[in-house]
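So the protein sequences, as listed, match chains A and B. By our numbering, the letter at position 447 of the first sequence is numbered 447, and the numbering carries on one by one without gaps. By our numbering, the letter at position 491 of the second sequence is numbered 491, and the numbering carries on one by one without gaps.
Please note that a few of the clues may not be correct.
All copies of an identical chain are treated as equivalent in the list; a pair is satisfied when it fits inside any one copy or across any two copies.
Each computed DSS-like pair below joins lysine-lysine, with the alpha-carbon atoms no more than 27 Å apart [stated by the list, open to error]:
#  : residue 1 : residue 2
1  : 256       : 210
2  : 98        : 469
3  : 38        : 460
4  : 445       : 72
5  : 137       : 147
6  : 327       : 72
7  : 384       : 57
8  : 309       : 445
9  : 37        : 221
10 : 462       : 38
11 : 5         : 57
12 : 99        : 57
13 : 57        : 98
14 : 210       : 38
15 : 438       : 152
16 : 469       : 38
17 : 99        : 198
18 : 331       : 152
19 : 438       : 389
20 : 376       : 192
21 : 194       : 180
22 : 469       : 191
23 : 460       : 449
24 : 37        : 460
25 : 191       : 143
26 : 38        : 216
For the record, the hints were derived by calculation from the structure and aren't laboratory data.
Protein chains: 2
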Amino acid sequence: MPQTKSIDELRSRLVEIAHLNSAVAVLGWDQEVHMPKKGSDKRAETLAHLSGIIHHKFVSLDSDGLLSDFKKQLDSNELNEEDRVVVAETWRSFQRMKKLPESFVRELSEIASKAQTVWAEARQKSDFSLFEPWLEKIIDLKKREAKYVGYKHSPYDALIDAYEPGMTAKEAERILTDLKNSLVPLLEKIKKSKVKIKPEKLKGNFPISKQFEFNKYIAEKMGYDLDAGRLDISTHPFNTSFNPHDVRSTTRYDEKNVLYALGSTIHETGHALYEQGMSAEHFGTPLSESVSLGIHESQSRMWENMIGKSREFWQYFLPKLSKEFPKPFAKISPDEFYAIINRVNPSFIRTEADEVTYNLHIIVRFEIERDLVEGKLAVKDVPKVWNKKMKDYFGLAVPNDTKGCLQDVHWSMGGLGYFPTYSFGNLYAAQFFHQLEKEMPDVRKRIAKGDLLPIRHWLKDKIHIHGKKYTAGALVQEVTGEALNSKYFSNYLEKKYTEIYELKKD
Amino acid sequence: MPQTKSIDELRSRLVEIAHLNSAVAVLGWDQEVHMPKKGSDKRAETLAHLSGIIHHKFVSLDSDGLLSDFKKQLDSNELNEEDRVVVAETWRSFQRMKKLPESFVRELSEIASKAQTVWAEARQKSDFSLFEPWLEKIIDLKKREAKYVGYKHSPYDALIDAYEPGMTAKEAERILTDLKNSLVPLLEKIKKSKVKIKPEKLKGNFPISKQFEFNKYIAEKMGYDLDAGRLDISTHPFNTSFNPHDVRSTTRYDEKNVLYALGSTIHETGHALYEQGMSAEHFGTPLSESVSLGIHESQSRMWENMIGKSREFWQYFLPKLSKEFPKPFAKISPDEFYAIINRVNPSFIRTEADEVTYNLHIIVRFEIERDLVEGKLAVKDVPKVWNKKMKDYFGLAVPNDTKGCLQDVHWSMGGLGYFPTYSFGNLYAAQFFHQLEKEMPDVRKRIAKGDLLPIRHWLKDKIHIHGKKYTAGALVQEVTGEALNSKYFSNYLEKKYTEIYELKKD
């Protein structure tokens, strides 16, 4: 039987689903940023109903064989380049989603929504026992999800694959161990350095409304279009996108520490630029979707660290910051400022971690969540194990759960398998930035002039605009000419910290 | 064949639809309060998709005959009191909605969403020609809607019935003419009064953030639960509800005039209390829906005018206002303040109108929209006709369209037939308040002590909690013991203004 329906029919089904996902994203954003607290139960139900409808529409994509027909055309090489991406990626998600019963998807969405509210309270009260029964539910649900999806070696494989397609527990462990093996000796050398950096010098009193304006200014300099996006305040900084013309970022603020929000803002704006850089024309199809969480994170980390913690960036922005907040910045030298913002300091909170210890935070989470999912660790033991690992890897005694296992929102959202992608992001970022410097030799000079838009355009052309045209592996190959290689990240750290801490070269 | 499915099945279908309507309301609220401007096209599409799904689910309510079966049970008196309301009201909306094709509903939703964005720009630029083609589209769509729904005498009947069930163009004209006949002589007397009120005395400089806190304080004193609702800022004040635990109100502010926002806030909080007063248990069914727009408006108008513009209200709140803004309020006497906030002053803007001229504004809009729908008036002539009526009824020369036919959002939303319900609200409000005074003889003393919660409870018990248990007519009968009678409103105005303007009694 000949194919009678065009690819436009498939696209329009995908676009409808994308609009429903946009609605979910608006409700999710509102929940974090504005919703009054008594609204949480009903909001969870609303989200569950919407998720159920989306799931139903997605599994029905192929009810008349439309998707299967195109899959056959894909396999027999009959599709053009764009349609190939649309069909291949839709088929991949379809195969995964089809395995999840609608009732399961509704249940997960409802539980996760309520769990987030409980988590926020537990975190505020530093009381893991409040959150424990909800984390139990979440882990049970994620184990069920892994069973539905199927896996070869570890149920964790089925979960991480949702965020970083093709990744496994074993491969993640290898990469993270490699990283650890390069970070530990570096950290040891830094600890022995005679250079002592005094971060207290940057403390002060910074009214949040004034900080907010400065954060907005930085985001706009990076190229964030505030006619097609917003910057708001929430408990946990995040970025979400309804479509390339409506992207929402949030930051959290500390009145005593202006850098607390700035790092988050630059990070989330990196994500937001990826979302705004995608094709509005192809909205709803894989051609307007991000490659993977690791690639997404590479965008935020490159801006946050390689650019936002560079000498050149602050050569331009420190005088501006100093104008807004003369106390204390007028009396801080550029060298001192640069050293302080890059200071290595093993601490409790992942989102405040320096570039050297950051990945150790990820390893703690990765090991715990993998063990939870593989049934090797009981939920009730999470605080104990968390605290032990923090002692072993960082030498730190965690004082309470707010600064320990309750600090991140991810588990309450059901995001098991998400954390390792943060580390992958660091590796991709270093490799991309290395390539950018090769192609744009004056990039550091531009940064020093506050001229950031060329970077934004380079990232858009090389990465954002393609959507899922390339897999993560293929994209790295396409952009940099070689496969992912952790040496770029190691070299970057080595060079930066050798200078700051006056380390002996190997 | 016996009925096998329970009423719970019908309820759960209605609840699912209600959750989708909640999602639409969240997106609508976000659109007015937060959405960046480039987001409007895609938002319109998202809303159109959601509306289409809702319409489809609603028309499918009876695809297995479930609703028809219950309709038969209703007709043969087999249902209990609550189920009777659920089935009767669902059947009524079902009959109306069923007549509208899904494609039409999608189109209307999409056009209305875009028209709102254009209207906001046209209003800002005071340029009707920008909005004209969109109003054309809206009128055409509403004419089509009337044809789909059907009507006896005027297509306007089919439209007004959606907001005030059972109302017709003819009946609305009769009521509004009656009103006019009592207002005109009163206004004439007021114009001849020697009492001259000087509103300039209340002008000053009132930072919006400080005003905002005072507005929130008033709303909370009225009983608005800010753990189950919000108060925000938008171009046009409005109230929307996602469910009784998540209600959103907005106000607009003027830095020079503190009363500009206060009136709106009290008004919108009146609406918000109705929404919070409904049954969360029955969410999604007609037992948790408002009776009609007229009844809804009676709640806002009673708070705004009968209570919020009473001597007693300001006996309590003027000292508080004066504490926040000593300049100018410390030097204003209670009598003077009371006279100024009730000053009769024919003006251009409906939402700023006094109680005597307010209904004349409604008559202008009612006549124009009815004539547009009946094909007796061309869209391009709207500004001309508007301005002529303002001259004839108010003696005012409209200086521009911002102060004229572009001032209200309603037409851009497709809300033809909505305006007259504002006047019905005034009549209901006066009759309810008269009853409240009978049942709670010390109510004015309580108001004078800032003790407003008993009023909130009375309204909740008598009106809010019943949802659609009674029709508007039956509710008025139930609460006040007689049918709607405009004499309560006329007497209320007569008494109030005879005193303020020292008029001779008839």
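Next item on the list: Output the numbers, in ascending order, of every earlier hint that fails for this structure.
Entry: 4, 6, 7, 15, 17, 18, 19, 20, 22, 25
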